[in-house]
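Those sequence lines, one after another, are chains A and B.
Using the UniProt record's numbering, count along the first sequence one by one with no gaps and you end on 709.
Using the UniProt record's numbering, count along the second sequence one by one with no gaps and you end on 709.
Everything labelled a hint here was simulated from the structure, so no lab data went into it.
A few of these clues could be false.
[What the hints assert, rightly or not] Per label pair, the in silico range of CB-to-CB distance:
# : chain 1 : residue 1 : chain 2 : residue 2 : range
1 : A       : 81        : B       : 332       : 23 to 31 Å
2 : B       : 327       : A       : 29        : 35 to 43 Å
3 : A       : 55        : B       : 335       : 42 to 50 Å
4 : A       : 480       : B       : 402       : 18 to 26 Å
[Unchecked claim] Here's a subset of chain A near chain B, in silico, CB distances under 8 Å, partners left out:
#  : residue
5  : 86
6  : 261
7  : 384
8  : 385
9  : 429
10 : 430
11 : 433
12 : 460
[As the list claims (entries may be wrong)] Below, simulated DSSO-like cross-link-like pairs (lysine-lysine); rule was C-alpha separation at most 30 Å, straight line:
#  : chain 1 : residue 1 : chain 2 : residue 2
13 : A       : 476       : B       : 482
14 : B       : 437       : A       : 476
15 : B       : 72        : B       : 143
16 : B       : 482       : A       : 332
17 : A       : 352       : A       : 342
18 : A       : 286       : A       : 31
19 : A       : 332       : B       : 115
20 : A       : 319       : B       : 143
21 : A       : 434       : B       : 304
22 : A       : 476       : B       : 476
23 : B       : 342       : A       : 114
24 : A       : 332       : B       : 71
25 : A       : 114       : B       : 340
26 : A       : 482       : B       : 480
27 : A       : 340       : B       : 143
28 : B       : 480       : A       : 476
29 : B       : 143       : A       : 346
30 : A       : 332       : B       : 437
31 : B       : 319       : A       : 143
32 : A       : 482       : B       : 434
33 : A       : 304       : A       : 599
Please read all numbers here as calculations on a predicted model, not as lab measurements.
Backbone N, C-alpha and C define an ideal beta-carbon position, used for all residues, glycine too.
There are 2 protein chains.
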Amino acid sequence: MKQAKHWAAALALVLASGWSALAQTISSPNKGLQLHFSLSQDGAPMYRLSFADGQEIIRPSHLGLEMTDAKKSFDKGLEVTDTKESTFDETWKPVWGEVKSIRNNYNELLVTLKKKSNGDPIAIRFRLFDDGLGFRYEFPGGKDRNFYVVKRELTEFAMTGDHKAHWIPGDYDTEEYDYQHSRLSEIRGLFDKAFTENCSQTAFSKTGVQTPLMLKSDKGVYINLHEAALIDFPAINLDLDDKTMTFRVELTPDAQGNRGHIEAPFNTPWRTAIVSRDARDILASKLTYNLNEPCTYETTDWIKPIKYVGVWWEMITGKSSWAYTDDLPYVKIGETDYSKVKPNGKHAANTKHVKEYIDFAAKHGFDAVLVEGWNIGWEDWFGNSKDRVFDFVTPYPDFNVAELRDYAKSKGVKLIMHHETSSSVTNYERHMNKAYKFMVDNGYSAVKSGYVGNIIPRGEHHYGQSMVNHYLHAVKEAAKHKISVNAHESVHMTGLSRTYPNLIAQESARGQEYQAFGGSKPNHLTVLPFTRLIGGPMDYTPGIFQMDINKYNPDNNSHVNTTICNQLACYVTMYSPLQMAADLPEVYAKHMDAFQFIKDVAVDWDDTKIIEAEPGEYITIARKAKDSDKWFVGNVAGYDGHKTTLTLDFLDAGKTYTATIYADAKGAHYKTNPEVYTIRKVQVKKGSKLSLTSAPGGGFAISILPNKK
Amino acid sequence: MKQAKHWAAALALVLASGWSALAQTISSPNKGLQLHFSLSQDGAPMYRLSFADGQEIIRPSHLGLEMTDAKKSFDKGLEVTDTKESTFDETWKPVWGEVKSIRNNYNELLVTLKKKSNGDPIAIRFRLFDDGLGFRYEFPGGKDRNFYVVKRELTEFAMTGDHKAHWIPGDYDTEEYDYQHSRLSEIRGLFDKAFTENCSQTAFSKTGVQTPLMLKSDKGVYINLHEAALIDFPAINLDLDDKTMTFRVELTPDAQGNRGHIEAPFNTPWRTAIVSRDARDILASKLTYNLNEPCTYETTDWIKPIKYVGVWWEMITGKSSWAYTDDLPYVKIGETDYSKVKPNGKHAANTKHVKEYIDFAAKHGFDAVLVEGWNIGWEDWFGNSKDRVFDFVTPYPDFNVAELRDYAKSKGVKLIMHHETSSSVTNYERHMNKAYKFMVDNGYSAVKSGYVGNIIPRGEHHYGQSMVNHYLHAVKEAAKHKISVNAHESVHMTGLSRTYPNLIAQESARGQEYQAFGGSKPNHLTVLPFTRLIGGPMDYTPGIFQMDINKYNPDNNSHVNTTICNQLACYVTMYSPLQMAADLPEVYAKHMDAFQFIKDVAVDWDDTKIIEAEPGEYITIARKAKDSDKWFVGNVAGYDGHKTTLTLDFLDAGKTYTATIYADAKGAHYKTNPEVYTIRKVQVKKGSKLSLTSAPGGGFAISILPNKK
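The shape of chain A in the complex, shown without the other chains (with noise of 0.2 Å):
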């Protein structure tokens, strides 16, 4: 009876909204998931998901693009000239991930569509896999129909209710904010309290927010919007009409206000939604990566996972200093003379600092060395829209490039390079070449560029198609000198890395340094597997032990709102082939017995089992690292702690290992007592059962070796 209602009630919405009889349908693979595209009566392409059963999940919802060339524009007025239904499926390896192979396989519908009153074509492909849609625009061009400047997008996702969101607010320049949790109805009203300040930002609608973004109905469907293979457009933006609980795309404009520019032929990123009645389907999906291209190089051999400390943390907590005096009120590269300028005594960058690093990372088995402000700048380098403001080859007079190179690779450590770019995107592209080589000369194969304040070209935003044209460029050229990128404060991920492996991670969220900063919300890493990493991998940089930060420096009174053992969980729940011991030696000296998960704990993996998660609440996730038989089990827990009962099925039978179990100590919190754990060794097999239980803001961590024969 609910049921014949709902039934009604969408019905009633489908004639609304125009929804046309001549509905055409394809299933998932395994039948579960329908898609059903249309033209409205008024020729506008049109489409909805629901699962087999009927239920629906997207209600009829608007495609097309509105082009500054009203003429140009693919709204309605269209016909459709062509279908095609086919089917795909291989397995593919990726060159680094969660698990050792993933299949890719989806029913495909590709509608062919032309305006009637000029003739231009347009296709809108959709790919339907068990756990979710993509579909995108596509222009195949012609004669002069090549050329088109977008106005703004018109994709909708219409939700069939007042879902619940993890969200955070829309922006066209950064990710990095507090995640938020309420009814969709409810966002208007929190959006400006959850604006927290960024040093570049630009919100466009009280009621936007960002993809990935995670939705649950009532009736417990998980829904996760984004986009995969952001290549040549604008990054999107979802706005929400909080009346009909309708999103649309909001595509980030450019300097003179249009949002994109297309040269056919064309294809749009893919608009995805990955859908589930079980939430751990949403952490397992491999759909983005699926939508994004295979790997495009020759050669992959030299992509490796790393796993680094850095000299950065003391920097963040304002213990040190990236600049290496405090007498320059401005700097001017190949200008300024620093052998003349007073030292300030706190520039972590030394010679003699960062072979301490070295020297720690060779004797615990790390492969590489962070370091930040080791190079001229620093001391004016941000927040006036400077543009000749780093050169990414000189270094501070305490940085002796040759020695570190010789040291580090005498020590059989890499040092890992750093480009802040304060967002002078036209600096760096002009030094992108130099700096490269630069690396290339001495040792370095992995650079973590920056991009913090307003971008130059002025008037650009982050997430802007000419941005997101320097990202992959940078991307594309570091490959031509086989090195990595990490990306912070850039644009979010879109699964790239499949096409790209050398993108190895990148920030595009909230990341640990917010916990320097103020804090951030202690269920923060219940969020972010759901959020962020459905694009691909973070450097969130976990592991901080020492939760008051006034303890680096009296003056900075934030706290990290976490336990340890919530620490060591993320080396396991926020998958990442790069990933950060953030803490300082000495921190890490006092602990050294839990320091040890995080030196056993593998960056590279044949096999996820997502045990159980609830975004907000708690993710427990279980690995198998890369080549071996070795496990590792991670769990984080949000406000209200957690308890799980985590049944070992997943180890190899007749095999026996010891489980060292990293946990909260009794007591334990977040914010009262947050560096309480305690450390047991049980024998385990297959089928053991371990109980488990979490702090608010805690979590555990468990190695599972196998036992020698």
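On the provided structure of chain A, position chain B as indicated by the hints.
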């Protein structure tokens, strides 16, 4: 009595504008000019310029810069904290030029001011030469005073009356207009008609005009307003208040509407006024170069003056095409396969045809051959804000780079590279390093670059700060590869070639090509030396001998509005170290007698005499070739033609010379009878007099070669 009235009026103006009695005055080295600086009653900096006899040249005029942060504006409320007077006298040798050595002699006044309200320092540096004034703003910087965003410049040039002006419409993107000749008060009425169509153009005011602006007062004072040393700042136009006849400097805005980002320590470009009661002094002035810094390169022997021919005019006229095929509606660099398309049969830049040009150049002693349309992308290059339009390294299938490299070398001829960017500067900068290396690898040592169409980064203008920075970046990067640059559609020249002499020429005005696009005014060549050339040499591309364009292309009925002798004279009157013989070999074949002058004429000089000059009417110049006793004389005339009595008092005493005189034949006329000329040889010596008549739109050219003993 009249003079007294003038002074009374001037005094009234002075008082009305708040001019303080406490002016500081400096004189030019020869005492002919006086510069007066003062603060107005409300603390606004002002200046005025007069002859020593009291005749005013520039009435009291405001100085200053308004910032987006009003607190940082340099507008009023200023106080003088220091003044310094100094004198300077040096003689320097240009790498190439009109004369062997240049005297740089000025008296300087440096006024240091601070804002009473916040203490921000600023200086205004005045340099007063015998032939005019330059001044600039200096930002010394200091603690927290290092970044300024300019809202508008307040600099004025207040004229003393309704002068005659030789002007083109003020624009942020192009100088390619025909000159207008009118009173200042008539500009507003003439503007719309003068603002002829261009593929990238942005007017800002109906009384906006460009610099160099040539003015003449009713009292016979010639005034040329411009800027020098345009580095890291937007280019200027002038906006006229036609009630007070006061020009205000209009800076080109960036994509956000700002007019320049200043990073202290910083000096703006110089604002200049070249002044004389003799028009010839304007042409002889080296003030613009003198306000630029000395050459910055350690060696300059790689920078060579060039006389060249090129595969160019046949495309301009429409006889041939840049594009290889007519069958590609779009091109994707790196994807489009040219081996599969049908050639259009009109592609001029093919190996065989270029060899013909190389043969022609070798036979007639030209240094080089320019080839346009050699690289892929021309089918779809312009007008669509296309980002990745060219790659600058991939030739069309019919252009064999290696074969032509070897052939040119065997003939002792250089090839000149062509880099059309379509104003996609982002794309050009990404390819620049590789493109320059490609040039070096293939024997090219000069490049003609082009900036047709609207700029990418979108929203920027050709004259904006970011583009000004780009042009210079291109020149400096080229220098690293010992490449000379000839930029078209860029920005006006400001004497930068003194500092960067590999900036060997620019277009930056309405060049010869417009004779095939509908024609230019017949007096155009009598204006350009007074305007465009004030900033540096122009690649005007003279030497057209066939004036009916439909003889090249039946579909094009444009007409070259000059006589052949006017074309010949350009090699003398339009100074450039880069001179083209622009017409086709088969056209020259019909006029080998007149062509002889182009073969003989020099492109670098030891001395220059401005014989007579009146903007818009006539110019006669004599020049002595570099390291030689050869003289060449050129005259161009306007609508009315011109009669010249030329006294050869510049020749060496005691020597005899053979003068070959190329003159308009009787009845010659730019429109009705442009291709008739006479050539006669006469024996001359120092003091010989020649009577010469130039037709309307005509001219004469004379080579004066010393007789062999």
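To see whether the hints hold, each was checked on the structure:
1. For the hinted restraint 23 to 31 Å between residue 81 of chain A and residue 332 of chain B, the CB-CB distance of approximately 24 Å keeps it satisfied.
2. One distance hint, 35 to 43 Å for the beta-carbon pair residue 327 of chain B and residue 29 of chain A, holds here, with the actual separation near 42 Å.
3. Separation of residue 55 of chain A from residue 335 of chain B is about 43 Å and conforms to the stated range, judged on CB atoms against 42 to 50 Å.
4. Taken as a hint, the range 18 to 26 Å holds for the pair residue 480 of chain A and residue 402 of chain B, whose Cβ atoms sit roughly 24 Å apart.
5. Below 8 Å, beta-carbon pairs count as interface contacts, and residue 86 of chain A has none with chain B, the closest being about 24 Å; its hint is therefore violated.
6. Taking 8 Å as the C-beta contact cut-off toward chain B, the hint placing residue 261 of chain A at the interface holds, the least distance being around 6 Å.
7. Proximity of residue 384 of chain A to chain B holds as hinted, the smallest CB-CB distance being about 4 Å (cut-off 8 Å).
8. The beta carbon of residue 385 of chain A comes within 6 Å of a beta carbon in chain B, closer than 8 Å, and the hint placing it at the interface holds.
9. Hint status for residue 429 of chain A relative to chain B: holds, with the closest Cβ pair at about 6 Å, below 8 Å.
10. Annotation: residue 430 of chain A was flagged as interfacial toward chain B, and the flag holds, the nearest CB pair being 6 Å apart, inside 8 Å.
11. For the restraint placing residue 433 of chain A at the interface with chain B, the shortest Cβ-Cβ distance is roughly 5 Å, inside the 8 Å limit, so the hint holds.
12. The criterion of a C-beta within 8 Å of any C-beta in chain B is met by residue 460 of chain A, whose closest approach is roughly 7 Å, and the hint holds.
13. Distance hint between residue 476 of chain A and residue 482 of chain B is fulfilled; the C-alpha atoms sit about 29 Å from each other, no more than 30 Å.
14. Proximity of residue 437 of chain B to residue 476 of chain A is assessed by CA-CA distance (about 20 Å); at most 30 Å being required, the pair is judged to hold.
15. Under the criterion of a C-alpha separation no larger than 30 Å, the hint pairing residue 72 of chain B with residue 143 of chain B is consistent with the structure, at around 14 Å.
16. At roughly 26 Å between alpha-carbon atoms, residue 482 of chain B and residue 332 of chain A fall within 30 Å of each other, so this suggested pair holds.
17. This hinted pair checks out: residue 352 of chain A and residue 342 of chain A have alpha carbons roughly 18 Å apart, not beyond 30 Å.
18. With a CA separation close to 18 Å, the supplied pair residue 286 of chain A and residue 31 of chain A stays within the 30 Å bound.
19. For the suggested pair residue 332 of chain A and residue 115 of chain B, the alpha carbons sit about 25 Å apart, so the restraint of at most 30 Å is met.
20. About 24 Å separates the Cα atoms of residue 319 of chain A and residue 143 of chain B, which keeps this hinted pair within 30 Å; it holds.
21. For the given pair, residue 434 of chain A sits about 29 Å from residue 304 of chain B by alpha-carbon distance, which is consistent with the 30 Å threshold.
22. Under the criterion of a C-alpha separation no larger than 30 Å, the hint pairing residue 476 of chain A with residue 476 of chain B is consistent with the structure, at around 26 Å.
23. In summary, the hint linking residue 342 of chain B to residue 114 of chain A is supported, as the alpha carbons are separated by about 29 Å, within the 30 Å threshold.
24. At roughly 24 Å between alpha-carbon atoms, residue 332 of chain A and residue 71 of chain B fall within 30 Å of each other, so this suggested pair holds.
25. For the hint pairing residue 114 of chain A with residue 340 of chain B, the CA-to-CA distance comes to about 28 Å; that is within 30 Å, so the pair holds.
26. At roughly 26 Å between alpha-carbon atoms, residue 482 of chain A and residue 480 of chain B fall within 30 Å of each other, so this suggested pair holds.
27. The suggested pairing of residue 340 of chain A with residue 143 of chain B holds, with an alpha-carbon distance near 17 Å, which does not exceed 30 Å.
28. This hinted pair checks out: residue 480 of chain B and residue 476 of chain A have alpha carbons roughly 25 Å apart, not beyond 30 Å.
29. Of the pairs offered as hints, the one joining residue 143 of chain B and residue 346 of chain A holds, with about 21 Å between alpha carbons and a cut-off of 30 Å not exceeded.
30. Restraint check for residue 332 of chain A and residue 437 of chain B: the C-alpha separation of about 28 Å stays at or below 30 Å, so the hint holds.
31. Of the pairs offered as hints, the one joining residue 319 of chain B and residue 143 of chain A holds, with about 24 Å between alpha carbons and a cut-off of 30 Å not exceeded.
32. Distance check on the hinted pair: residue 482 of chain A and residue 434 of chain B sit about 18 Å apart at the alpha-carbon level, within 30 Å; holds.
33. Only pairs whose Cα atoms come within 30 Å are accepted, and residue 304 of chain A paired with residue 599 of chain A is accepted, the gap being roughly 17 Å.
Hint 5 from the earlier list is the only one contradicted by this structure; the remaining hints agree with it.
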